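*Asks:* Position chain Z against the provided structure of chain E, taking the given hints into account.
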Amino acid sequence: MQMRGNNRSEGHRLCADEQKSDNRHAAAHTSGSYGNHSGRPITVLKRGESGILDRIELPEPDARRLMEMGFLPGHTITPAHSAPGGDPRVYRVDGSEIALRRETARHLLLR
Amino acid sequence: MAECHDSATATLPPLSEGRARHIVAIVGPPNSGKSTLFNRLTGLRQKVANFPGVTVEHRMGRMRLDVGREVFLVDLPGVYSLEPRTEDERVTHDVLKGQMKDLPRPDAVMLILDSTNLGRHLALAAPILSLGLPTMVVLNMADDLGRRGGKVDVAELSRQLGTSVALVSATQGTGLQQVTEFLSGATLGAKPKAPLMQLPVIQDVPKCRDWASNVGRKSDYHAPAPPIWTRRLDAIFLHPVAGPLVFLLVVIGVFQTIFAGARPLMDAVQDAIEASGKWMGGALPDNAFRSLLVDGVWSGVGSVVVFLPQILLLFLFIGILEDSGYLARAALIADRTMARIGLQGKSFIPLLSAYACAVPAIMATRTIENKRDRIATILIAPFMTCSARLPVYTLVIAAFIPERPLLGPLFGTRAAALLGLYVLGFLAAVLTARMLKSTILKSARAPFVLEMPPYRWPTVQSIGLRLLDRSRVFLRRAGTVILGVAVVLWVLANLPLHNGKAPEIGHSLAGMIGHAVEPVIHPLGFNWKIGIGLITSLAAREVIVGTLGTIYGIEGTSQSVGLQAALRHELTPGGAAALLVFFAFAMQCMSTIAVVRRETGGWRWPAVQFGYMTVFAYTFSLLANKLISFLF
Numbered sequence: 001m002q003m004r005g006n007n008r009s010e011g012h013r014l015c016a017d018e019q020k021s022d023n024r025h026a027a028a029h030t031s032g033s034y035g036n037h038s039g040r041p042i043t044v045l046k047r048g049e050s051g052i053l054d055r056i057e058l059p060e061p062d063a064r065r066l067m068e069m070g071f072l073p074g075h076t077i078t079p080a081h082s083a084p085g086g087d088p089r090v091y092r093v094d095g096s097e098i099a100l101r102r103e104t105a106r107h108l109l110l111r
Numbered sequence: 001m002a003e004c005h006d007s008a009t010a011t012l013p014p015l016s017e018g019r020a021r022h023i024v025a026i027v028g029p030p031n032s033g034k035s036t037l038f039n040r041l042t043g044l045r046q047k048v049a050n051f052p053g054v055t056v057e058h059r060m061g062r063m064r065l066d067v068g069r070e071v072f073l074v075d076l077p078g079v080y081s082l083e084p085r086t087e088d089e090r091v092t093h094d095v096l097k098g099q100m101k102d103l104p105r106p107d108a109v110m111l112i113l114d115s116t117n118l119g120r121h122l123a124l125a126a127p128i129l130s131l132g133l134p135t136m137v138v139l140n141m142a143d144d145l146g147r148r149g150g151k152v153d154v155a156e157l158s159r160q161l162g163t164s165v166a167l168v169s170a171t172q173g174t175g176l177q178q179v180t181e182f183l184s185g186a187t188l189g190a191k192p193k194a195p196l197m198q199l200p201v202i203q204d205v206p207k208c209r210d211w212a213s214n215v216g217r218k219s220d221y222h223a224p225a226p227p228i229w230t231r232r233l234d235a236i237f238l239h240p241v242a243g244p245l246v247f248l249l250v251v252i253g254v255f256q257t258i259f260a261g262a263r264p265l266m267d268a269v270q271d272a273i274e275a276s277g278k279w280m281g282g283a284l285p286d287n288a289f290r291s292l293l294v295d296g297v298w299s300g301v302g303s304v305v306v307f308l309p310q311i312l313l314l315f316l317f318i319g320i321l322e323d324s325g326y327l328a329r330a331a332l333i334a335d336r337t338m339a340r341i342g343l344q345g346k347s348f349i350p351l352l353s354a355y356a357c358a359v360p361a362i363m364a365t366r367t368i369e370n371k372r373d374r375i376a377t378i379l380i381a382p383f384m385t386c387s388a389r390l391p392v393y394t395l396v397i398a399a400f401i402p403e404r405p406l407l408g409p410l411f412g413t414r415a416a417a418l419l420g421l422y423v424l425g426f427l428a429a430v431l432t433a434r435m436l437k438s439t440i441l442k443s444a445r446a447p448f449v450l451e452m453p454p455y456r457w458p459t460v461q462s463i464g465l466r467l468l469d470r471s472r473v474f475l476r477r478a479g480t481v482i483l484g485v486a487v488v489l490w491v492l493a494n495l496p497l498h499n500g501k502a503p504e505i506g507h508s509l510a511g512m513i514g515h516a517v518e519p520v521i522h523p524l525g526f527n528w529k530i531g532i533g534l535i536t537s538l539a540a541r542e543v544i545v546g547t548l549g550t551i552y553g554i555e556g557t558s559q560s561v562g563l564q565a566a567l568r569h570e571l572t573p574g575g576a577a578a579l580l581v582f583f584a585f586a587m588q589c590m591s592t593i594a595v596v597r598r599e600t601g602g603w604r605w606p607a608v609q610f611g612y613m614t615v616f617a618y619t620f621s622l623l624a625n626k627l628i629s630f631l632f
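One line per chain: the protein sequences are E and Z, in this order.
Residue numbers are given in the numbering used here: position 83 of the first sequence equals residue 83, and the series is strictly consecutive.
Residue numbers are given in the numbering used here: position 132 of the second sequence equals residue 132, and the series is strictly consecutive.
Bound conformation, chain E alone (with noise of 0.2 Å):
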């Protein structure tokens, strides 16, 4: 981790802070039973399911990368195919199809 934090700029930073006083707020107000987090993550989702992606709980740069790839909060997000076995999975959002894995996704909570 403190490997890429090297090269993030000022305003890189602000942001991630704003996102994590957020999630606290988030967090704050919803209840679910995602293990020391609460809400439900987008794997609970079955496919052809539809729900309402909330919040991104990985570190900054990979939320980051998740929400340039369409894994924005308020997006809606519909598993669809995955690799044998059920994981890694893809999920239509925002007009993609993106291939995630479970270990991943459950870090997406939906609203």
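If you're looking for bench data, these hints aren't it; they were derived computationally from the structure.
All values reported here derive from a predicted model rather than from experimental measurement.
Glycine residues also receive a C-beta, built at the ideal position from the N, C-alpha and C atoms.
It is possible that some hints are incorrect.
To be verified - Derived lysine-lysine pairs resembling DSBU-like cross-links, with alpha carbons at most 35 Å apart:
{"id": "1", "chain 1": "Z", "residue 1": "Lys151", "chain 2": "Z", "residue 2": "Lys97"}
{"id": "2", "chain 1": "Z", "residue 1": "Lys207", "chain 2": "E", "residue 2": "Lys46"}
{"id": "3", "chain 1": "Z", "residue 1": "Lys193", "chain 2": "Z", "residue 2": "Lys151"}
{"id": "4", "chain 1": "Z", "residue 1": "Lys371", "chain 2": "Z", "residue 2": "Lys437"}
{"id": "5", "chain 1": "Z", "residue 1": "Lys97", "chain 2": "Z", "residue 2": "Lys218"}
{"id": "6", "chain 1": "Z", "residue 1": "Lys101", "chain 2": "Z", "residue 2": "Lys151"}
{"id": "7", "chain 1": "Z", "residue 1": "Lys371", "chain 2": "Z", "residue 2": "Lys97"}
{"id": "8", "chain 1": "Z", "residue 1": "Lys97", "chain 2": "E", "residue 2": "Lys46"}
{"id": "9", "chain 1": "E", "residue 1": "Lys46", "chain 2": "Z", "residue 2": "Lys437"}
Unchecked claim - Chain E residues, not near chain Z, derived (Cβ > 12 Å throughout):
{"id": "10", "residue": "Lys46"}
{"id": "11", "residue": "Gly51"}
{"id": "12", "residue": "Leu58"}
{"id": "13", "residue": "Leu110"}
Stated by the list, open to error - The following label-pair restraints were derived from C-beta to C-beta distances:
{"id": "14", "chain 1": "Z", "residue 1": "Gly484", "chain 2": "E", "residue 2": "Arg47", "range": "30 to 40 Å"}
{"id": "15", "chain 1": "E", "residue 1": "Arg111", "chain 2": "Z", "residue 2": "Gln177", "range": "44 to 54 Å"}
{"id": "16", "chain 1": "Z", "residue 1": "Leu468", "chain 2": "E", "residue 2": "Ser50", "range": "41 to 51 Å"}
{"id": "17", "chain 1": "E", "residue 1": "Arg111", "chain 2": "Z", "residue 2": "Arg231", "range": "24 to 34 Å"}
{"id": "18", "chain 1": "E", "residue 1": "Ile52", "chain 2": "Z", "residue 2": "Arg159", "range": "31 to 41 Å"}
{"id": "19", "chain 1": "E", "residue 1": "Ile52", "chain 2": "Z", "residue 2": "Thr337", "range": "31 to 41 Å"}
*Replies:* For chain Z alone, coordinates are given in the frame of chain E:
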């Protein structure tokens, strides 16, 4: 930060009058068709060059304009934003900011976006426009957009963005007139206008996305209907049962075709080379020059050029799989295996391209953010069976394994042996990766994110250009490295002179070197001639074939029996197996060593890698020799 979103209104630095060429950077998200457009525009005139410190993928090409001037186009790696997070994103970032060594800041930018997913892709326009360079937005895949019932008001989008906008299809070649016009204009130094919609803070992804939605809405953008055919095909290719079966069939089909399908073509090339060699031998007077030309150069280079059809066939398949979109599905199906090795999904694409050549594969690891994962991927990439091994494998397999059908006429013993060698290389990579990831290169896993592009018909032009490019690379290598080695080898094989005549090869300098290494390689079942081949193949793997061609060309007795028969004479089955295993595992490639040094910034990793792979190869060759000798 100030340099980013404030500079939208900044004035363009004046174009220097004396500059002969103008540089236009091609930027866009991955898979938006940048390279297709690049190839379209530069066509066969493109000069593919590695520019300093940058990967082969970041190509420069020249495009002549009607007016007699020319522009240089720079094809940059695909990015989703201008945040330099990975090495290849840094290249794009540095080129656009004018921070790339030996390359002046581009005079203009061409932003290529996928028109079928403009909502998301327009978000990239914000950071690009904030660069303050003259920009053209090219909406690609117009044919798809129209067919699937989407639309966009190009004139309005152009007004909103303050740039010229063209709706094109790079594969069909439609709408390119406007692009050419822009490129002519760019060389005149058109000043960029500020977009109507104020640009968002470009570090804020949700704000950029909202900005893109607003611009899209104002430009009457209607997203197309979902691609029906892609969904139908995915229902088969990603089916829990049918999917893996198709995957397996594709893999088997590729190997069988590479092996059996290439035969007639290879035979034709072989005949042509032999006939021309004979003709030259007859036409020239009998002197040292004839010997150098016919025995040294022609048989050395010729025996490698024979494999061109096979390598082109391999690249044809890779091209079709890549362009059609199936490769992403294959990556999805194979991901579980990658996860089990401890590597992340992003390592899959570099490792897959290592099947063509380790050099671009090692460069492709720049997309991996995590440094330890990147080093691990670099270290195992040369284990993947690259196309340079193909000549060696084909030669030895054809010499030692009789062709018998296994799965009907479609899959024979030889193709199976070849597939086995590919699997062997993969297993060595897996073993090494596991070892590295559980010891010196431990790291947390980064998320696997892979976009599934819609299926598309590969176009003849796009694949044809790539095959042409590959042929050039292959023939250039045959004309330089392999030719050089052949000449040096011929000299070594003809010295010292014996009473003014060339010595027998066993008593020549080359022979002495071969004899010197023989004790080391004898346990593997190799004699001194193979030893010479092993030494010359340090330059590049396929050189061993050329070397053996030269040695047997010089050694008059076996000239008529051909390379395969000569090998059968030289090697026991155990030795043949050991040779295959040695080439599967050893790092016999100068280019790879050089690129690892460059990408890891020192000699430490290439030295470790070379040592490890050589010891690994030696150990397993020894085992293979003993095992096969014991069995047969």
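*Asks:* Does each hint hold? Answer for all of them.
*Replies:* A quick look at each hint next to the structure:
1. Z:Lys151 - Z:Lys97: 33 Å, holds
2. Z:Lys207 - E:Lys46: 30 Å, holds
3. Z:Lys193 - Z:Lys151: Status holds; Cα separation ~25 Å.
4. Z:Lys371 - Z:Lys437: Roughly 12 Å separates the two Cα atoms, so the pair holds.
5. Z:Lys97 - Z:Lys218: 30 Å, holds
6. Z:Lys101 - Z:Lys151: 41 Å, violated
7. Z:Lys371 - Z:Lys97: 24 Å, holds
8. Z:Lys97 - E:Lys46: 45 Å, violated
9. E:Lys46 - Z:Lys437: 34 Å, holds
10. Lys46: Holds: least Cβ distance 15 Å, greater than 12 Å.
11. Gly51: 18 Å, holds
12. Leu58: 7 Å, violated
13. Leu110: 17 Å, holds
14. Z:Gly484 - E:Arg47: 30 to 40 Å: Violated, at about 58 Å.
15. E:Arg111 - Z:Gln177: 44 to 54 Å: 47 Å, holds
16. Z:Leu468 - E:Ser50: 41 to 51 Å: For Z:Leu468 and E:Ser50 the Cβ distance comes to about 46 Å; the hint holds.
17. E:Arg111 - Z:Arg231: 24 to 34 Å: Holds - the Cβ-Cβ distance for E:Arg111 and Z:Arg231, about 26 Å, lies within 24 to 34 Å.
18. E:Ile52 - Z:Arg159: 31 to 41 Å: 33 Å, holds
19. E:Ile52 - Z:Thr337: 31 to 41 Å: 33 Å, holds
Of the numbered hints given earlier, the model fails hints 6, 8, 12 and 14; all others are met.
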